[in-house]
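Each chain, letter by letter, is given below.
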Amino acid sequence: MTEESLSSAIRNRINMKDGIVHVDAGGLHYKDLNTILRTLGNPVPIVHIENVYGQRYIGTDLSNNMEIHICGTPGNDVAAFLDGSTIIVHGNAQDGVGNTMNRGRVIVHGRAGDIVGHSMRGGEVYIREDVGYRCGIHMKEFEGKKPLIVVGGTGQDYLGEYMAGGTLIVLGLKMGSKPIHHARFLGTGMHGGVIYLRGEAVHTSKEVQIKPLDESDYKILRRDVEAFCKEFEIQPEPIMECEFTKLIPASKRPYGNLYVY
Amino acid sequence: MKTAMELNNRYNDDKVNDACGLFGMMDLSGRRFGAEEPVKAIANMHERSNGLGGGFAAYGIYPEFRNDYALHVMYLNQESKEKSEAIISNNFDVLRSEKIPVDYSAHVIRPPLMWRYFVHPKQNLLSTLTSDDFVVEQVMRINMETCGAYVFSSGKNMGVFKGVGFPEDIAAFFRLNDYEGYMWICHGRFPTNTPGWWGGAHPFNILDWTVVHNGELSSYGINRRYLEMFNYNCTMQTDTEVLAYTLDLLRRKQGIPLSVVTKILAPPLWEEIADMNPTQKRLYTTLRMSYGSLLMNGPFSIIAAHQGEMMGLTDRIKLRPLTAATLDNMLFLSSEESAIRLVAPVLDRVWSPLGGEPVVGRLKSDTERIEVIAH
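Chains as they are written, first to last, in our numbering: chain A, 1 to 261; chain B, 1 to 375.
Each hint should be verified, as a subset may be incorrect.
Taking lysine-lysine pairs in the DSBU-like style, the calculated list, with each CA pair at most 30 Å apart, reads [unchecked claim]:
1) Lys31(A) with Lys40(B)
2) Lys219(A) with Lys252(A)
3) Lys206(A) with Lys281(B)
In short, the hints are calculated from the structure, not lab data.
Chain A on its own, in the form it takes in the complex (with noise of 0.2 Å):
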């Protein structure tokens, strides 16, 4: 698909300056918005969507690596399926965000909403402030495939649930030296994967059991809070001297029994 194949009305929406692609995506529907960012990338762009109010799955399925900055609030499952790009959203994320995401960044300067990675299994996703209920459920990894999810804040109940792999990380940099993370049922289900919380966990469930951490995992966790901390420009030396907890799975296969007769 090419610019040129785009109606004039959409095509309308979008202007060049500086080296920046402007999208105004105010009262544009999704497809739409979507149909722009598959006909933009070549050469690699920078795009910024301005007035986004709430259109889902923004940046879906994109393979191109292209730099994607949106304005306002996307709405859910934003960067569903990405397969390579990088979205920032400059603003709070709604429900979904990364869901099943394969490839690629998301950065969210604000809060995120529910089911952040939803059955991801590969790409990052950093949220600078807290997320809602069931961040990360059932992310996966195989081989070479390792999605990571690193959340500035604290989570809700359900974090980590049915989480089959990748790597989760929790800061609650406003919680103090030693922060109390207050969500409950954590790793419900949990068969795969490593969940690493700054400070303590009030409440886990009974599929995770909590490890002390060893080099190797130190060694993990400074190269992807340094990650974090150069989206958001943040020292990570004072994040490093608080310490960790670490959940894994009890077992591979915690409902294994559940059903047998």
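Starting from the known structure of chain A, fit chain B onto it as the hints suggest.
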């Protein structure tokens, strides 16, 4: 059959996505404002509904009749109108009876006849009943006995406007730009297990209690049977109806405070109760034992309102979304933050309430409210 199919499943699909849109906006100072912003906000969540239901409740819209019950009635046939009007004129002093002004050019599907009555119960008929109880009784009677008339709004100085269409179309149909209220509750429907008919649109109402709902009450059967013991009869073929009657029963009739009512609708898990101190444990155990039949099971987020109060609540494990925000005197509740941002890009505070924890907005003072209405 063809007609029913057209009405209930216009797109002839098997989709069972469940994602209604909720929006509520209340000026805590009592200042009245038009429908423009609430309609714009609910219309922004177009994807959450599918055109099979939209509706609004507006509070403070009938100041000239603020002490009278405003009955909004939909008539599916002429016969039911005659039967209902007999019941109404036998039991009420009717101050005004009129067709609700509507715009037939709006994109709605087969609207029934819409009528409204401003009424007082006939004092000599009340005997031991309160006026409110009497009105509830008559509403149930009309809904049950007339075979085609449904009272979808029965409060004072408020009104429900609802039907089959997208919410913005329903707003156009009822000419909502002609009204001003201090609180607007809005709904876009995506019906799943129950028909998309005019009476089944949200909000559901009894007296001045209204509820809009996203989700599914799998406890509907038990809730309904429990309410029947208190003479509430469910006639709207949709789960949400039980919520309106539950609020009327618990808040108005039994005088239970809102903070306790929310713990009846969305109680803590037994596992959490086990960890509580003895006093709390006793309270929550008692509530679960006494009101187990009013526990709302299944995923839900709701906005419930009555005169002077707006409340948002989700199920305790947060299976449906709800965002709250404030700006000066305005409280917003919405399925999505983007809808709030569309009408108020800069907010004082925006947050996601915890599962089972209510967000409540109340008018700052009744004196203030009366002054405002008197202007």
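Going down the list of hints, with the structure as the test:
no.: 1; hint: Lys31(A) with Lys40(B); in the structure: holds (20 Å)
no.: 2; hint: Lys219(A) with Lys252(A); in the structure: holds (24 Å)
no.: 3; hint: Lys206(A) with Lys281(B); in the structure: holds (23 Å)
Violated hints for the displayed structure: none, as all numbered hints are satisfied.
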